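Work the whole structure out from these sequences, hints included.
Going down the list, the sequences are from chains H and F.
For the first sequence, counting from 1, position 464 maps to 464 in the working numbering; every step adds exactly one.
For the working numbering, add 1000 to where a residue sits in the second sequence, where the first one is 1.
Please note that a few of the clues may not be correct.
Cβ pair distances, simulated, as ranges [stated by the list, open to error]:
no., chain 1, residue 1, chain 2, residue 2, range
1, H, Q324, F, W1404, 31 to 37 Å
2, F, Q1459, H, T348, 50 to 56 Å
3, H, A401, F, N1094, 39 to 45 Å
4, H, D211, F, P1411, 46 to 52 Å
5, H, R40, F, W1394, 55 to 61 Å
6, F, P1411, H, T348, 33 to 39 Å
7, F, M1313, H, P411, 49 to 55 Å
8, H, R346, F, R1257, 54 to 60 Å
9, F, A1401, H, I386, 24 to 30 Å
10, H, G433, F, E1439, 52 to 58 Å
Simulated from the structure, these hints should not be mistaken for lab results.
No experiment lies behind these values; they were computed from the predicted model shown.
The beta carbon of each residue, even a glycine, is placed where N, CA and C say it ideally should be.
Okay, here's what each chain looks like letter by letter:
Number of protein chains: 2
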Amino acid sequence: MGDRKRVVILGGGFAGVYTAIALEKAIGRDSDVEVVLVSRENYLVFQPMLPEVISGSIGITDVVSPIRRLVKRTQLHMRDVEAIDLERKVVVANPGFRPQPHLIRYDHLVLALGSVTDFRGMRGLAEHAFPFKNLVDALALRNHAIRAIRESAIESDPAFRRELLTFVVAGGGFSGVEAVAELNDFVRGLARSFPTIDPKEIRVVLLHAGDRILPEMAPNLALFAQKILARRGVEIRFNARLEAATSGAAVLKGGERIATHTLVSTVPAFPHPLLEALPLPKGRGGRLKATAEMQVEGTTDVWALGDCALVPMINGELAPPTAQHAIRQAAVAAHNIVATLRGGPRRTFTFTGLGKMGALGHRSAVAEVFGIKISGLLAWFMWRTIYLFKMPGWGRRVKVASAWALDLVLPPDIVELRFGASRGMSQEHFEPGEDVFHEGDVGDRIYHVLTGQAEVLRQRNGADELVALLGPGDWFGEGALLNETTRGATVRCRLDLDVLSLPKKEFAVLAASLPDVRRSFDQILEKRGLNKDGWPRPVPNPLAGAPAGGAPSG
Amino acid sequence: MGDRKRVVILGGGFAGVYTAIALEKAIGRDSDVEVVLVSRENYLVFQPMLPEVISGSIGITDVVSPIRRLVKRTQLHMRDVEAIDLERKVVVANPGFRPQPHLIRYDHLVLALGSVTDFRGMRGLAEHAFPFKNLVDALALRNHAIRAIRESAIESDPAFRRELLTFVVAGGGFSGVEAVAELNDFVRGLARSFPTIDPKEIRVVLLHAGDRILPEMAPNLALFAQKILARRGVEIRFNARLEAATSGAAVLKGGERIATHTLVSTVPAFPHPLLEALPLPKGRGGRLKATAEMQVEGTTDVWALGDCALVPMINGELAPPTAQHAIRQAAVAAHNIVATLRGGPRRTFTFTGLGKMGALGHRSAVAEVFGIKISGLLAWFMWRTIYLFKMPGWGRRVKVASAWALDLVLPPDIVELRFGASRGMSQEHFEPGEDVFHEGDVGDRIYHVLTGQAEVLRQRNGADELVALLGPGDWFGEGALLNETTRGATVRCRLDLDVLSLPKKEFAVLAASLPDVRRSFDQILEKRGLNKDGWPRPVPNPLAGAPAGGAPSG
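Take a look at the structure:
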């Protein structure tokens, strides 16, 4: 044990997992080197397959590969990395069941942390847009789409019904195009089961900042993709940049709003925030500067590869952030780490890429392979075949192939999974003119203004009368606390508004436990002329029911 | 539209869905009668298949059937019923995307609300036990079991490791036995992928209040089931009644504690709480008294069937709560409702049952069919065949059959889905002697005592020194607010303790927004000699990240 060396890999994407696979092979059994892989999830996501979760044509968990099945001797720690100490050569990960800090010592560190979705600086996106990065994101989007469709089927207000039937995807790169193609096929297929929905009411919009989609591909393939998407009913908006989001709209640069309750953003990908803090050389987009040997420039025990690294290719360009490149980089990194530990010659990264493919949903795709451009059914067939063989493990391949075969004859799966339904304290964003709630709405949350300004309006003789203005620090919606079941006024955003909202049930518990909270609120209620004796009474188990079904906590 | 009659069915189980199916058939197209089905979920769960979700041998969503595929002309409202007004003939359901009350008028009302899991009166069960009733329950249990196994593989403390590898299921009826059998197969199969886990460390316990399991079945079949379970490694505890649960233990009547982090309870099934409030005749267990014509006694427009009703059989007994009985009751109810609306003779319920079956996991089962008792591989094969054909719809049958076929050759699926991971305000239960947290633990929650008593202990010269006693209304763990990363003392339960806990992040937001909260806490901190200037500073979007991936709210 004493002089056993430990290689710690951070990141469970293709770069990290394939480094572990290559290391296991290079090291052999009963060895002087142990490998630890730290991953957030216990499965490897193959991004291009993620949209298949939306349609449910493959079993939900078959789109991904459990890491445990790919590496046998690697220690897998399913953790978030909280800190990296390069001097003491220790990684700090979050606690598991036991509330103890989880420290992992290393001799060699492999940084394969990929990129993260980061909505910082975009108004309301963190609160109201669906990211599309991992399996749970895809499942959440699928369930939301099912909900929007079935709610529209029993919605009597035609304007609200159209909003429910509008789906917006931002980002015209591979992942945005593949997501919008699957989402479009899915919602249109699903709507056919609802006799009350007219297919013409469905609107699926792709927002793209440039003037043609798939900038990674040859222009004629991108044009083909545009034509196919348009024929299937996807409305492509060019030179349209998403600027903000609310619960009811996608706001474009320039001010245009598209009323929707389903906004997906595939756009902002940043390197993992941990890298920012590390004193290592970084280049474009904050990515780590690596050598062609996968070592971080200027270090001897830190390696970097995949989407979080800038890796030079032999043609002088930087390697693009794709799985095929990450896998080849992983092989080089593993070889060189073993060469460093045991001695021997090093290798450099010489891979230049095989080609590019993008699925367009129902039996169409575009591909550029070995310089040949293919589109349509043939490309789609190639896409499925190649990606099937890219999935690690035969078991999964058989499952996916049989699911695909059945999918050709069976209707789409529409089972809606409702998990984590209870929304606790949360933040919401509103743009000017939007209503937080309407007079007469059912309400069971109270709100606190963080930034911005709102108007309190009451209907008088058919017109909205301004009753009050609300600013940062103000509370509203407190009528809900007093067992009022409907809102007594409308609250409308005047200036970009960020509010914090809290369910009445949770707030009542807090107020019962903290006398000062109770007192502050009694003052607010008194000032507004509301009867402060109407507080709901605290109950013995105020949250029972809410956490049931959740995991017992360790 | 004016004189179109509306039948509203409450409940999306076999009773409700098959009433809708039978009504659609009896009514025909372009009709004078419309059917509305109100269901919590958009799918029909076949309870005996639910344990298959644990092992993942069938695709997660293939265990259930989307209701939309079974009824074409019925209006499906996916809602919780909040109130029933029998006089005004209106059902009130919860709002959807729009915060408006959802009112549904009816001419005939069918109550098929089934039973609910209700942990009332059992200490800590609502907080710490997994229910096992619907698809999301089964998924949550599956994910939790995967987590416990993989955490145990990297756990260094042997006692904690054994706790993680202990799984307890309460209830020796059909659902408890089927759940424990699948769970046992799954965790033992899963553990084989982890070289650091010794199979002998795994403990799977079935708690049963009686002296033999499966009381519904003939004694020799129950004995067979007991033998099979025991051979597979399930420890059956007879005459053992679950009394309380904590995050670290199952507490039995008599005081014995089984240290575990995974407790499943299939026991308490009560009629839907809404029925309590209805002025209708009820019998044993609060179930509605129905006639053999499925009408609630003494009414002309209210019908009841399935698990929430007491339906007389021709042999004088009451119909048991099974799907096979609910389906036959549904046909009778639908016929009689149409007969009432259009005139014609009524029918009565004459079904007496076909048989009983229970799966015992890996290729074994017990069955009593037409008076014949079968056990082992043959019974298991029968179980699969019969239940396959009980699944509504050919598509699903083909999918399930092919998944079962693949399952014979493929290893279990171990993809862990982490949804709703962020735990907001929650309640926890502790039994005397248990620690809420230890000195030196990492901590990011603060606690409020609701009931009970706790001791604050500090290590002094190797012994625990009592520093303070805490009672109802007291707060503790407030050091976490001051950016302390580890707990400065141990808090141990002295008398049955119920606490409310709140993440530090959420609390800091509240304190920043409500000056009085801040002031109350400053006082607490001052009293305990802590520096009140250490409060974390409020950040612009304090909850960003937390709700991302959640559904945008409407």
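A quick look at each hint next to the structure:
In this structure the hint that Q324(H) and W1404(F) lie 31 to 37 Å apart at CB holds, the actual value being about 35 Å. Look at Q1459(F) against T348(H): about 55 Å separates their beta carbons, and that is inside 50 to 56 Å. Look at A401(H) against N1094(F): about 42 Å separates their beta carbons, and that is inside 39 to 45 Å. Checked against the hint of 46 to 52 Å, the pair D211(H) and P1411(F) passes, with Cβ atoms roughly 49 Å apart.
Distance hint for R40(H) and W1394(F): a CB-CB separation of about 39 Å, inconsistent with the stated range 55 to 61 Å. Separation of P1411(F) from T348(H) is about 37 Å and conforms to the stated range, judged on CB atoms against 33 to 39 Å. Judged by the Cβ atoms, the range 49 to 55 Å given for M1313(F) and P411(H) is violated: they are separated by roughly 38 Å. Range check, R346(H) to R1257(F): Cβ separation about 57 Å, and the 54 to 60 Å hint holds.
At about 29 Å, the beta-carbon gap between A1401(F) and I386(H) stays in the expected band of 24 to 30 Å. One distance hint, 52 to 58 Å for the beta-carbon pair G433(H) and E1439(F), holds here, with the actual separation near 54 Å.
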